[in-house]
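Protein chains in written order, with our numbering: chain W, 7 to 172; chain R, 8 to 226.
Calculated directly from the structure, the hints in this document are not laboratory data.
Every residue gets a Cβ at the ideal spot worked out from N, C-alpha and C, and that includes glycine.
Hints should not be assumed to be uniformly reliable.
[What the hints assert, rightly or not] Here chain W is said to cover these stretches of chain R; the calculated rule only asks that three of the stretch's residues, wherever they fall, bring their Cβ under 8 Å from a Cβ of chain W:
1) 50-57
2) 65-74
3) 101-113
4) 191-204
5) 215-225
[As the list claims (entries may be wrong)] Partial list, derived from the structure: chain W residues whose beta carbon lies under 8 Å from chain R:
6) 18
7) 20
8) 41
[To be verified] Restricting the straight-line Cα-Cα distance to at most 27 Å, the calculated cross-link-like pairs of lysine-lysine (BS3-like) are:
9) R/122 / R/91
10) W/22 / R/97
11) W/19 / R/166
12) R/122 / R/173
13) R/122 / R/42
14) R/42 / W/22
15) R/116 / R/97
16) W/22 / R/173
17) R/116 / R/100
18) R/42 / R/97
19) R/116 / R/42
20) R/97 / R/166
21) R/91 / R/166
22) W/19 / R/42
23) R/166 / R/100
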Amino acid sequence: MNSGDQDFEQLRKLLKVKRYEQPPPGYFNRFSDSVINRLERDAESGRAAGFGAGWGWWGALRRVLAENPISAGIFAVCGIMMLVVGNSQYLDKYMATGQIAGLPAAPSSAATHDMAGTSAPHGGLQIASAPAVETMVSSVNPVFMNASDSLLSSLNVQPVSYTFNH
Amino acid sequence: MTDPATGKASADSKPVERPVEREAASTEVPEVAEKVLVEAARRGDMGAYDALIRRYQERIYATVYHMTSNHEDANDLTQEAFIKAFQALKSFKGGSSFYTWIYRIAVNKTINFLKQRKNHAAMSLNDLDFNAEHDPDLLALISDNTPRRDLGLSELAEKLNGAMQKLSEHHRLVVTLHDVQGLSHEEIANIMDCNVGTVRSRLFYARQQLQAYLSDYLK
Numbered sequence: 007m008n009s010g011d012q013d014f015e016q017l018r019k020l021l022k023v024k025r026y027e028q029p030p031p032g033y034f035n036r037f038s039d040s041v042i043n044r045l046e047r048d049a050e051s052g053r054a055a056g057f058g059a060g061w062g063w064w065g066a067l068r069r070v071l072a073e074n075p076i077s078a079g080i081f082a083v084c085g086i087m088m089l090v091v092g093n094s095q096y097l098d099k100y101m102a103t104g105q106i107a108g109l110p111a112a113p114s115s116a117a118t119h120d121m122a123g124t125s126a127p128h129g130g131l132q133i134a135s136a137p138a139v140e141t142m143v144s145s146v147n148p149v150f151m152n153a154s155d156s157l158l159s160s161l162n163v164q165p166v167s168y169t170f171n172h
Numbered sequence: 008m009t010d011p012a013t014g015k016a017s018a019d020s021k022p023v024e025r026p027v028e029r030e031a032a033s034t035e036v037p038e039v040a041e042k043v044l045v046e047a048a049r050r051g052d053m054g055a056y057d058a059l060i061r062r063y064q065e066r067i068y069a070t071v072y073h074m075t076s077n078h079e080d081a082n083d084l085t086q087e088a089f090i091k092a093f094q095a096l097k098s099f100k101g102g103s104s105f106y107t108w109i110y111r112i113a114v115n116k117t118i119n120f121l122k123q124r125k126n127h128a129a130m131s132l133n134d135l136d137f138n139a140e141h142d143p144d145l146l147a148l149i150s151d152n153t154p155r156r157d158l159g160l161s162e163l164a165e166k167l168n169g170a171m172q173k174l175s176e177h178h179r180l181v182v183t184l185h186d187v188q189g190l191s192h193e194e195i196a197n198i199m200d201c202n203v204g205t206v207r208s209r210l211f212y213a214r215q216q217l218q219a220y221l222s223d224y225l226k
């Protein structure tokens, strides 16, 4: 025992109390069975779920993500970024062709014009529809709205000035 | 039941039944036996892994319990440590003993758990073993003419655990491993993956802190 230990002799005696704190009787007789049962259950459920749920790379990935929130966050961000990049390319293609592969063609601009304007039910609000887009549009070739296309243009607003007479 | 000082199983533990375990038990060099068990467990022999669990469960549980002061948490964390060790057994290179390795897994799991639990610590202390009442050192601590005179052993244990919980995780771990479980500075350094000097300084600081917290109960 060195001098450091002697300085804390009383404390060391007090700490001996902790050696006598014991779990419920019989606990250690059952403990290893619980662990082995859990391992066997995990292996069973892995086999039952087939590929990806057991001890393979997918199972390992799931364990890493479950145990490490930072990894899980990075994984989620990467997933979202891949989704965004994939979708932006897909949308560019859609905007360029005006059509989604495998779906019926988008309504023509003429039909759209008709629905928005002349065929409005009950003579309701006549919405000035946008002209048909003839040029190629995409995220790198944006479309700017003209002032004459806005709703305000149909109201015929005139500038007003006021003077005060004394 | 266990020997509190060593944490080793005594005669009433469940008898060993599986072949690899019997083979390992009969050998006289424990290090070799551990390697045999680890190799067998690595090949998927659950009997061998069962033997490894039985060999170290009490020491691992005790460490985790003294860190958490909660039986349920200690039970969960000890189980998870053994499960993780089994799943990672293929990556165990044998650079250190299985004993150090499983300790390291349990300690890391416990420290992570305690960091998450920081704001809602709850103690549910285990009962004191009957033999505590016959320990001369402990009897002296609750003898007459001291400020702790009216304290029973259970209350003393509760005060001590309260003080332990005030230490940081690393300081609590060093005190637990050295002063409660009797590990050497070198073993602790291996488990905590730091140098012996760090272990010594942490131990000194932790004892100082404990002594200050428990000054009313120490002569």
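How the hints compare with the structure:
1. 50-57: Satisfied; 3 residues make the cut.
2. 65-74: holds (count 4)
3. 101-113: Check failed, 0 qualifying residues.
4. 191-204: Our answer is that it is violated, as 0 residues pass the Cβ test (under 8 Å) against chain W, missing three.
5. 215-225: Contact hint for the stretch 215-225 of chain R vs chain W: holds, 5 residues under 8 Å.
6. 18: holds, 6 Å
7. 20: It holds, given that the least Cβ distance between residue 20 of chain W and chain R is near 6 Å, below 8 Å.
8. 41: holds, 5 Å
9. R/122 / R/91: holds, 19 Å
10. W/22 / R/97: Violated. Residue 22 of chain W to residue 97 of chain R sits at ~38 Å, over the 27 Å cutoff.
11. W/19 / R/166: holds, 14 Å
12. R/122 / R/173: Cα-Cα ~13 Å, so holds.
13. R/122 / R/42: Cα-Cα ~34 Å, so violated.
14. R/42 / W/22: Not OK: residue 42 of chain R and residue 22 of chain W at ~33 Å, beyond 27 Å, violated.
15. R/116 / R/97: Holds. Residue 116 of chain R to residue 97 of chain R sits at ~19 Å (cutoff 27 Å).
16. W/22 / R/173: holds, 18 Å
17. R/116 / R/100: The given pair, whose Cα atoms are some 20 Å apart, holds under the 27 Å limit.
18. R/42 / R/97: Judged against 27 Å, a Cα distance of about 13 Å means the pair holds.
19. R/116 / R/42: holds, 24 Å
20. R/97 / R/166: violated, 43 Å
21. R/91 / R/166: violated, 34 Å
22. W/19 / R/42: Violated, at roughly 36 Å.
23. R/166 / R/100: Violated, at roughly 42 Å.
The earlier numbered hints that this structure contradicts are 3, 4, 10, 13, 14, 20, 21, 22, 23.
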